[in-house]
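**Student:** Top to bottom, those sequences are chains A and B. Under our numbering, the first residue of the first sequence carries the number 428, and numbering increases by one thereafter. Under our numbering, the first residue of the second sequence carries the number 966, and numbering increases by one thereafter.
Treat the hints as calculated values from the structure; they're not laboratory data. Don't take each hint at face value.
Computed list of lysine-lysine pairs in DSS-like fashion (alpha-carbon distance at most 25 Å, straight line) [said to hold, decoys possible]: (1) A:LYS645 to B:LYS1163; (2) A:LYS786 to A:LYS706; (3) A:LYS506 to B:LYS1163; (4) A:LYS506 to A:LYS551; (5) A:LYS793 to A:LYS736; (6) A:LYS447 to B:LYS1163; (7) B:LYS1163 to A:LYS501; (8) A:LYS551 to A:LYS562; (9) A:LYS643 to B:LYS1163; (10) A:LYS736 to A:LYS706; (11) A:LYS706 to A:LYS793; (12) B:LYS1189 to B:LYS1100; (13) A:LYS613 to A:LYS562; (14) A:LYS786 to A:LYS736; (15) A:LYS551 to A:LYS563.
Listed here are the chains, written in short residue letters.
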Amino acid sequence: MSRIFEMRDVTFAHHGGPVKVMDNFSIAVEEGSRTAILGANGAGKTTMFYTLTGVYRPQEGEVLFRGEPIEYTKEGLTKVRSEVAVVLQNPDEQMFCSLVEEDVAFGPLNLGVDRDEVEQRVDKALRDVRMSDFKKRPLQQLSGGQRKRVAIAGALAVHPEVMIMDEPTAGLDPQASMEVIELAEKLHLQGITVLISTHDVDLAYGWADAVNVLRKGKMVFSGTSEEFYSDAENVHLCGLLSPATFNMNREVSDINGISPSPYPRNVSSFLAKFGGGQKAGRVFCVSCNEGDIGDRYEQAVREAGEDAKIGIYGTDTRYALTGKRVDYYFDGIDSCFSEAVLGRDSILFYDSVYEPLLKEQADTLKGFGSDVGREVIQ
Amino acid sequence: MLNWSPLGKLFFVLVLLIIGLLCDSIVVPLITFTIGLALMAYSTNFRVPLILALAIAEAIVIMVLGSGMISIMGDPNVPALFEGKFLWITIHMTDASFQKAWVIFFRAIAGVTLMLSFATSTPIPHLAHALRSIKCPVEICELIVLIYRYSFLLLERFLVMIDAAQCRLGYNGTVNAIRTYGGAMAGTFIFSMELAEKSEASLACRNYQGYFPIFHTPSPFSWKWLAAGLGLCIVLYLINIYTMGWIDMVSVFAPLLGW
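Please construct the entire structure, taking both the sequences and the accompanying hints into account.
**Tutor:** As structure tokens, this is what we get:
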């Protein structure tokens, strides 16, 4: 993988003042990666994002995009921002139009995209965030969660190569948060580099390939989550807490007198590691292309049995299964594989774009000694 | 009505307002008022929002007071329909002042409904676009859009502060309430500066190039608007000539008020 972003020894202070918001700061982001930026309030996460997109110009150091230093000219900045979309923590700060569709179109229109193309992009972006029904609605009539989705749609409509999300789950209810994470996963699977800043260590632990931890404007850690959370003092100094899964693994491994490594990052991996080694069950996988399920719900229930638990992953599928019996509405992959690890069959309905995640999860579980069988329902 | 030409609508509304002011027959302001009401109902899909209804009601109350004042200040040399003294005000209502008060009342009401019909059917970006097309400085157009957008956010913030103050007993006593409102206003002002700084950065993030693009461009101003506006102007002027003195408000109210 090549580096899409790099910051080298960057120092930045607002209006050139004495307080350095970023101090001798360096970071490298790999193309196509899932990167989490962690840090307490005021650590410099948002400033870092603004510096990456050229909104803030550092007093010292350099910022590289695709190996080239950012040019702080209108053309240079437009080039960067046409490939990098930012979703701010507070959606109200980035909405400038009266109607939902107008706001989503704002970014592409600024880039001079053809109007017919903009129309298509707006429709698709609103469909991706399940806001098509609100297309003509004034923004001030939307709830906080809906505004967040519109902000994400506005970023998607730019067709970015890099998606930066500043505290995407802040202020959202748990279900909306899960939808945002599913969306981030979808973008990643489409080859988009996704950067998320968050305080939610549990979320970051299960999702990110790499974590970068900021403290008082300095990069204090860059690497895998396990390396970082193993250093309890550093975690404390950075104003963070270890994720629940990490802590449970450490304690249960200690009780059983085994090494905490390999580290499970979700419930199914945890169960596979400590579950007792019974014969794994099967996951009946039903891939849904744009929510098209047909009669496969009944077929899957017939094949897996009435007792099989049913899970969902993906917004289109969730919408398509409205009114049907479902046991796990969110995070269905982890839940269904957990069932399988415990020796029970389950059915997983998912948006087809998430297919690689199933293989990834099955491979991970194999590493923990649980060989979960996957049955594909055509 | 949303997709009608903003400049055309503005021209049409202004023509109706001006002709309403120029004509002395009460029939003309009544017609312009009816047109304004119909356009407003059409622009809101015949569902006038409560806030608009309240605004109209408030305007009517103000105009009733204003017209009332005009009606009681008639020429003292002309015989009065009604006269008297209230506090230090000498009341002298004449035939002419009563009729004039009604004409002014209907002109004002027509103005409100016409302008509201324009306002409810013209998004601010369309207005800015129209202003740009008549060579209004781009900075002014963009400021209009930004102020419009941020006024909602600031108003929302102000209301949150007001509610929060209520939770913290901020309205216990008149002085305390005044202090709370003052604090909320100052807080909103300070927040507006913070918001301005943040919005500059977020506009940059969304590739703002110095002007707000419009997704669905409204229709341009055409000769049809010009013809419709001028045609209606002539018709109303003729109506004015032929209906002068048709409706005498004194005769209408005479049985009720015993004149």
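**Student:** Within a Cα-Cα threshold of 25 Å, do LYS786 of chain A and LYS736 of chain A meet the stated pairing?
**Tutor:** holds (20 Å)
**Student:** Holds or violated: LYS645 of chain A with LYS1163 of chain B, Cα cutoff 25 Å?
**Tutor:** With Cα atoms ~22 Å apart, LYS645 of chain A and LYS1163 of chain B stay inside 25 Å; holds.
**Student:** Are the Cα positions of LYS736 of chain A and LYS706 of chain A separated by 25 Å at most?
**Tutor:** holds (17 Å)
**Student:** Is LYS706 of chain A within 25 Å of LYS793 of chain A, Cα to Cα?
**Tutor:** holds (12 Å)
**Student:** Would the hint linking LYS643 of chain A and LYS1163 of chain B be met if the CA-CA limit is 25 Å?
**Tutor:** holds (21 Å)
**Student:** When you check the alpha-carbon spacing of LYS506 of chain A and LYS1163 of chain B, does it fall within 25 Å?
**Tutor:** holds (22 Å)
**Student:** Sort out whether LYS1163 of chain B lies within 25 Å of LYS447 of chain A, counting only the CA atoms.
**Tutor:** holds (18 Å)
**Student:** Going straight from one Cα to the other, do LYS793 of chain A and LYS736 of chain A come out at no more than 25 Å?
**Tutor:** It holds: about 22 Å lies between the C-alpha atoms, which stays within 25 Å.
**Student:** Between LYS1163 of chain B and LYS501 of chain A, does the CA-CA distance stay at or below 25 Å?
**Tutor:** Holds, because 20 Å separates the two Cα atoms, which is no more than 25 Å.
**Student:** Are the Cα positions of LYS1189 of chain B and LYS1100 of chain B separated by 25 Å at most?
**Tutor:** Holds, at about 21 Å.
**Student:** Hey, LYS786 of chain A versus LYS706 of chain A, does the alpha-carbon distance stay inside 25 Å?
**Tutor:** holds (19 Å)
**Student:** Would the hint linking LYS551 of chain A and LYS562 of chain A be met if the CA-CA limit is 25 Å?
**Tutor:** Between LYS551 of chain A and LYS562 of chain A the Cα gap is close to 11 Å, so the pair holds against 25 Å.
Every hint, counting from the list given before, is met by this structure.
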